[in-house]
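K.L.:
Single-letter residue listing:
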Amino acid sequence: MQTLATGCAPAGEERLDAAALVQEGRVHRDVYVDPGVFAAEMRRIFMGTWVYVGHDSEIRDIGDYKATAVGLEPVILVRDGDGEARVLVNRCSHRGASVCMMPAGAAKGFRCQYHGWTFGLDGALLGVPFADGYAALDKRAMGLSAAPRVESYRGFIFASFNPDVPALTEHLGGVLSYIDRFVEHAKGYELQVAADANEAVYNANWKMQLENNVDGYHLSFTHQSLFEVLSGRTASQPRYLNSAHQQDDPTVESFANGHAVMDLRSAAAHVLRERLDILPGAPPPGTDLDEFFGIEQAEELYLASTGPAMNISIFPNLNLGSINICEVHPLAVNRTRVVLRPLLLAGAPDEINRMRLRYHELGSGPAGFVQPDDLEMFERAAEGLAAEHVQWLEFSRGQERELLDGEEHRIGHISDETPQRGQYRRWRELMEAEA
Amino acid sequence: MSGSSPTVEVSGPLDPVRLSRLAEVQELLAQEAHLLDDRKYGRWLELFADECLYWMPVDPRSSDGTMRLNVFYDDRPRMEARVARLLSGSAFSEEPPSMTARTFSAVLVTEEDGGEEEFAVRSNFMLVAHRAGEQRQLAGRMLHRLRRRDGRLCIAEKRVVLLGSDAPQRPLAFLF
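One line per chain: the protein sequences are A and B, in this order. Heads up: the first sequence begins at 1 in the working numbering, then just goes up one per residue. Heads up: the second sequence begins at 1 in the working numbering, then just goes up one per residue.
Worth flagging that the hints you see were computed from the coordinates, not collected in a lab. This one's a predicted model, so the numbers in the text were calculated from it and none came from an experiment. There could be a bad hint or two in this list.
[Unchecked claim] Going by beta-carbon spacing under 10 Å, a handful of chain B positions derived as facing chain A:
{"#": "1", "residue": "19"}
{"#": "2", "residue": "21"}
{"#": "3", "residue": "59"}
{"#": "4", "residue": "63"}
{"#": "5", "residue": "68"}
{"#": "6", "residue": "90"}
{"#": "7", "residue": "125"}
{"#": "8", "residue": "171"}
Here a beta-carbon is modelled for each residue, glycine too, at the ideal position from N, C-alpha and C.
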């Protein structure tokens, strides 16, 4: 069976026809399995738009750094001497060795251990051993390569290797107010990324994770065992999981540039306390919470430990959900790394942050009660998509009933594929752009 | 990894009392390994004290998971929920379940402050898991805190220090 992209695999990028691969309501299998499509995505999407690189609290002080990636480009996010966030390519400008080996830390600069070249926190080349061996080395041109654009919104830092992208706030557009609400679940405390992260790797395409974060349809099926376990010990599960479509059901939304939201607030509120009360070390029923946590109005902060009850997906690589930041790192067309970082509240009582950690562990990480089953479904999809003679994935759910608020903002029922259609409209836009 | 694990002291010859306790410990660890490989999770739970902790830190150097992120950090009710989920038939990442075979070695009683009533045991493990055509080898160390209850040893705490627990992992939904 020939593939639509090229007539032969892998696709030659110049012949890739994005409009043929992504149509309204359906997506071609090549989008998930073709290495040529993946190579084009890395250039046109990950090098073409804003990509999430980290949170302010990961690089709080001058010299703090975090090793991460923009698509397949290894980079260092670092707070430079002026307090600015910089995104440097983790590659010595001399002969290519990485200059930063640790996942995170604090540094005065970076040194390539191969031949001893040293670089400042801003990437500038500072030292070249035995420099008299060079007749005319232009040190100013030999710094570490850096992303030309780095901007942040409410602590979330994004970078772009495309100097011509619009301002970050313009790019985020309609999803800004949801990011505000996500941040404000902290009730005035500053969000602080935990010192450790849960990391997982799955053998399927990166977009599976992005689609999944704003997929309300899968919850009661993929995560059936979670709700069985919870409902055995608590009274109720979210109503939308076991009832037909109702007027006040929660919604999903898609925004310009592929961003999307799944807003569970109307459904989840009444089960949150029950989920907290079953966590290891939770205050027993009847406990005076103000006394237990050592603050006034403790119940409000305790309830906030389950997060803002909304999932946000910022195209192409950031998911916010529960109380965590989820980084989606494509490794290959059929391999993806997922990093989950729980958000704690800086300056809040330890007992509050302890409950937040326990809540995160309930679902997340490779042994959580939620994430492994999602990863399993991504891999089952990868197995199924090996079938070459079935070409299309169906994404039409709710297409006829979604509300249009202008061309770019659409609102659907919790179980509809409105967010995914928005993600693929953006995919097509970027993949069709001049490389 | 010093700091995370009890320091190993070179001790004198095993006297009959210590020898008999070591045999008892070895037998408990062997029972635990076989129960887990056989998926006899209800009987595995019976090896634990009523108040217990079963956990795996993300940071292999962490010896107190309270204020740190863990891969899992289970009190007894959470262990029971974990078992119920695994046996429910709808924990899909373990459906069909992984086949596992685990061995342990280098068993040492490392801490005897509690005397005969409570002590710590350090050992290494190798766990081979097979599922859906994929064979994985996981290794690390186990730190058991054992307590004597009605003359019988039970597990008050089990810490599993997995090599690579802070690196990207395939699902680890089965029991360690």
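K.L.:
Compare the structure with the hints numbered earlier in the document and write down the numbers of the violated ones, lowest to highest.
P.N.:
Hint check: 1, 2, 4 and 7 fail, others pass.
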